[in-house]
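Novice: The chain contents come next:
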Amino acid sequence: MISVYLPGASWIHRIPVRLKLLTLAVISMAILPVHDPAVLGAVLAGVLVLYATLGPEGLKQVTLLKPLVSLLLIIFLLHGIGGSWMEGLVAVLRLVAMVLLANLVSVTTRMDDMLEAVMSLFYPLKVFGVSPKKPALAVTLVIRFAPVLLSVYSSLAEAYRARTGKRGSWRLIAPFALQALRLSENVAEALTARGGAEGLAVETTANTAERRRMLKRNL
Amino acid sequence: MTDRSLVQIAFYAALIAALGLLPKVAIPFMGGVPITAQTLGVMLAGVMLGPVRGALAVLLFLFLVALGAPLLAGGRGGLGVFASPSVGFLIGWPIGAFVTGLIMQQTRTLSVLPAAALAALIGGVGVVYLFGIPGVAIMADLPLVKAAIGSAAYIPGDLIKVAITAVVAETVARGLPRALISRG
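So the sequences go chain by chain: A and B.
Using our numbering, read the first sequence as starting at 1 and increasing by one per residue.
Using our numbering, read the second sequence as starting at 1001 and increasing by one per residue.
Just so you know, the hints here were simulated from the structure itself, not pulled from any lab data.
Beta carbons are placed, not taken as given, at the ideal position from N, Cα and C, and that holds for glycine.
Misleading hints may appear alongside valid ones.
Claimed, not checked - Computed beta-carbon distance windows for the label pairs: (1) A/Val39 <-> B/Ile1122: 40 to 46 Å; (2) B/Gly1184 <-> A/Ala157: 45 to 51 Å; (3) B/Thr1002 <-> A/Arg163: 37 to 43 Å; (4) B/Gln1105 <-> A/Val49: 48 to 54 Å; (5) B/Gly1126 <-> A/Gly8: 42 to 48 Å; (6) B/Leu1176 <-> A/Ser10: 45 to 51 Å.
Stated by the list, open to error - In silico negatives: residues of chain B with every beta carbon more than 10 Å from chain A: (7) Ser1084; (8) Pro1134; (9) Leu1176.
As the list claims (entries may be wrong) - Sample of chain A residues facing chain B (criterion: CB under 8 Å; computed from the structure): (10) Ile27; (11) Val34; (12) Pro56; (13) Val69; (14) Leu71; (15) Ser84; (16) Val99; (17) Asn103.
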């Protein structure tokens, strides 16, 4: 659940990550100004064919669009009311095509590979005296922190339910904030005690292995 | 950047992620528009961490989403969200957190509760919509007014989050004052 990535070895999976990102950027820029519903429909059909080449599991990834449906409907209505329904259709077609195309890259690229591919963007950080490895460590920390925060909250909520018989309440916000902040202070101390971010993030491959291990543990 | 600030930035990025995993709450007035707790995390990052670290925490969170982590409310993630109509709001988040932190720093003479409410209102609501509404207009090809009407339904929920942000900031200022880094 921690990634939208769909494991596989399709031809799209095998394209180098940077080439995929570049292609995505170029196509997105190209279809943003398009207003012809026929062209946009063709683009959308093409994107769907690309999904279909991933197999039935791949085609199922189109459902990543589901949380967007109500928003698209509102946009269609806003266009239609006191405007033109055709423009609404064009806007919705374009959005669906662009979102699906961008998701196609995410669905076919492992998070680690994506991180490796964009790491070079962080090299300019050296100018400011920041190690370019720090973003990778920060990503690892977030992946580890998020489930811990949820478990801190759920243990507080459980205790509250045991005392009052009621579900969570805003009253839990204060103890949650304080407990979670203390926890983060402990992590900061532990990190410094182990040689700090520099000490931990020196070796990229070791770092990657660690991140993979954490990802697995959190699944 | 020290280890401490790195962990703090990661902590608030994770908080934004965790808040997105909480179920959406439909508010009874305003026709039951679903509100998510996610922007609460954006406001808190600015109020607690100050401008630079607050903005970095939000950027780190967005970076994870771009890498493919489905951490946006509703389980959305991947590059697709940056092609969706709400991309303007996502762009507004780090800038909003920055402004929130800046106001928090500049209002040291005020006590924490009103300062945090003011900062979250201007940075976390005002600035975010300043980017979000034009974003909807561009991505959905709508006139600004219609984009604003479409976005207005979420404002009551955001005002609730401003209030919660202020209460949390006040609580932390009393219980763990050193964690209120923007005032440190």
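Novice: Against each hint, give a clear statement of whether it holds in the structure.
Specialist: Here's how the hints hold up against the structure:
1. A/Val39 <-> B/Ile1122: 40 to 46 Å: holds, 42 Å
2. B/Gly1184 <-> A/Ala157: 45 to 51 Å: violated, 30 Å
3. B/Thr1002 <-> A/Arg163: 37 to 43 Å: Because 39 Å falls inside the window, the suggested range holds.
4. B/Gln1105 <-> A/Val49: 48 to 54 Å: holds, 53 Å
5. B/Gly1126 <-> A/Gly8: 42 to 48 Å: Check passed, 44 Å falls within 42 to 48 Å.
6. B/Leu1176 <-> A/Ser10: 45 to 51 Å: Given a distance of about 50 Å, which is inside 45 to 51 Å, the answer is holds.
7. Ser1084: Violated: least Cβ distance 5 Å, not greater than 10 Å.
8. Pro1134: B/Pro1134 is indeed farther than 10 Å from all Cβ atoms of chain A, at 14 Å.
9. Leu1176: violated, 5 Å
10. Ile27: Hint on A/Ile27: violated, closest Cβ of chain B at ~10 Å, above 8 Å.
11. Val34: violated, 11 Å
12. Pro56: Status violated, d = 20 Å.
13. Val69: This interface hint is violated because 11 Å lies over the 8 Å limit.
14. Leu71: Hint holds; A/Leu71 Cβ to chain B Cβ min 6 Å, cut 8 Å.
15. Ser84: With a closest approach of 11 Å, the A/Ser84 hint is violated.
16. Val99: holds, 4 Å
17. Asn103: Holds: closest Cβ of chain B sits about 4 Å from A/Asn103, inside 8 Å.
This entry does not satisfy hints 2, 7, 9, 10, 11, 12, 13, 15, going by the numbered hints stated previously.
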